[in-house]
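Peer 1: All chains, full assembly: derive it from the sequences and hints.
According to the numbering used here, the stretch in the sequence shown is residues 5 to 495, in order.
A hint or two may mislead.
In silico DSS-like pairs for lysine-lysine, Cα to Cα no more than 30 Å straight-line [what the hints assert, rightly or not]:
(1) K326 <-> K295
(2) K94 <-> K452
(3) K238 <-> K452
(4) K214 <-> K326
No lab work stands behind these hints: they were computed from the structure.
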Amino acid sequence: MRKELLRNWALKWKDVTSQPIDAIYTYFGAKVAIYFAFLGMYTQWLMFPAILAIFFSFINLGKFEPVVPLIFSFLVVVWAVLLLQFWKRKNAAILTRWDIIIPNGESCEMEFFNHVGKQTLSGEGTQKDRLPWTEVTKSQKQVIQKLEWLEQLKTFRNIVIVVTGILCFQLPFELTYVHLNEVLPYNILKYALTGLYLSAIRYFTKIGGKIAVKLTKTEHYSNMEAESDSLIYKVFGIYFMQSYIGLFYHALLHRDFGILRQFLLERLVVSEVMNLVMENLVPYLSYRWAKHKALRWEKEQTKLSKGSMKPQASRTEKEYLKPSYASSIGNNILEDGLFDDFLELALQFGMVTMFACSFPLVFAFIAVINLIEIRSDSLKLLAIRRRPIPHIASSIGAWLNIFQYIGVVAICTNCALLVCLYDQAGRWKIEPGLAAILIVEHLLLLAKFGFSCFVPEEPAWVKAKRMKRAQVQDYCSLQLLRSLDAKRKTA
5 MRKELLRNWA LKWKDVTSQP IDAIYTYFGA KVAIYFAFLG MYTQWLMFPA ILAIFFSFIN
65 LGKFEPVVPL IFSFLVVVWA VLLLQFWKRK NAAILTRWDI IIPNGESCEM EFFNHVGKQT
125 LSGEGTQKDR LPWTEVTKSQ KQVIQKLEWL EQLKTFRNIV IVVTGILCFQ LPFELTYVHL
185 NEVLPYNILK YALTGLYLSA IRYFTKIGGK IAVKLTKTEH YSNMEAESDS LIYKVFGIYF
245 MQSYIGLFYH ALLHRDFGIL RQFLLERLVV SEVMNLVMEN LVPYLSYRWA KHKALRWEKE
305 QTKLSKGSMK PQASRTEKEY LKPSYASSIG NNILEDGLFD DFLELALQFG MVTMFACSFP
365 LVFAFIAVIN LIEIRSDSLK LLAIRRRPIP HIASSIGAWL NIFQYIGVVA ICTNCALLVC
425 LYDQAGRWKI EPGLAAILIV EHLLLLAKFG FSCFVPEEPA WVKAKRMKRA QVQDYCSLQL
485 LRSLDAKRKT A
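Peer 2: Next up, the structure:
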């Protein structure tokens, strides 16, 4: 199966966006398969804005040229909304095809209430109040409310710690990098500085990730998935500030769109090269070195035993020598390396949506990068990294909410960029052009929520199949009850 995936997926370059999702699901499990399904759909959907960006960038539209940023911003926001809505439809279809039933969340809530119940029945309340959990007394209600608000305060405290840390420690570092990037005279020095900056970010983020793990463990969650989602939100907040402070600085304060475009291009090129090196080349060299040491040791053992057999590593030994597919912040909450892959996609999605009006060609660069990313990630899992343990999943989890939040932020940033673009004098007066931009912002928000409501999250055939399955389960339950009742009567 691994060789089939290598031949028909990782090394197949004819149809670069097609992927054998069902075979990936069989070999790697649902979580990895859903990631590649999302990556493939996202890459396919990038083709439309990429072609449109190339058209707007290289074709002179004459008197319509000033309204191109406005039109492109509107189309990008609509594109982002439709992408996420149609992904929900595709996700539902995939789960139905794999016969994965989405939990309704009641069991997760019951875990929290059981936790509260244990604390209530074990420590607080009188003996009279220690009733079965089917009934909730007045004192138990008070304890539950107390624990509920205590958890909320812990969450708020952790958010304040993360935000304070970013503002006090990360912001000065980011502004220093932005200033040095402005004063350096040569582009090669700027690319080198960006490489050092991204390397420092990786180190700082590991520290921030460890702090986020400790903060997350102070809170109580209904299940492991909720705990993982909370950690993802915290670490993504750190990455978000690291990745976009410099861009916002150039865009909103300096209003220099030329430097902003160059800054975006530097970040895209350098970050993609670094990701390819850190995710593929370094693990591959590590694997080759470990294999070389193992074979050399086996050869020495063969010589000591005076054997003539040539040392040869088995498939299992080769798999053991490969680096594990783990997250960069390294903890037991995030079970595999999909955190880093989704993080890369989320930051990339923010760049293409939040700065669409200033640099439309970024869509073309991202489309090419993602075509390479599909193959590099597949090779990474099949040939370079140790095969990850399969995990069940019903969606991309917290990352879907992050993508949706970025879509809302993109509306605000694009409107702010349009104000800077059309108000070169910096007067900030509500003239007809600026008033039109404020109207556009409201129209974009209306379009986002309108399309979200207009496009159903599930295809009709998925709903019909789920209803039919429920009817079959009800019928089987009724037949079972009838047979048990008949046996009871005969007995």
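Peer 1: Hint by hint, note whether the structure agrees.
Peer 2: Against the structure, the hints:
1. K326 <-> K295: holds, 9 Å
2. K94 <-> K452: holds, 19 Å
3. K238 <-> K452: Distance of about 25 Å is within 30 Å: holds.
4. K214 <-> K326: holds, 25 Å
Going down the numbered hints, you'll see the structure goes against none, and every one checks out.
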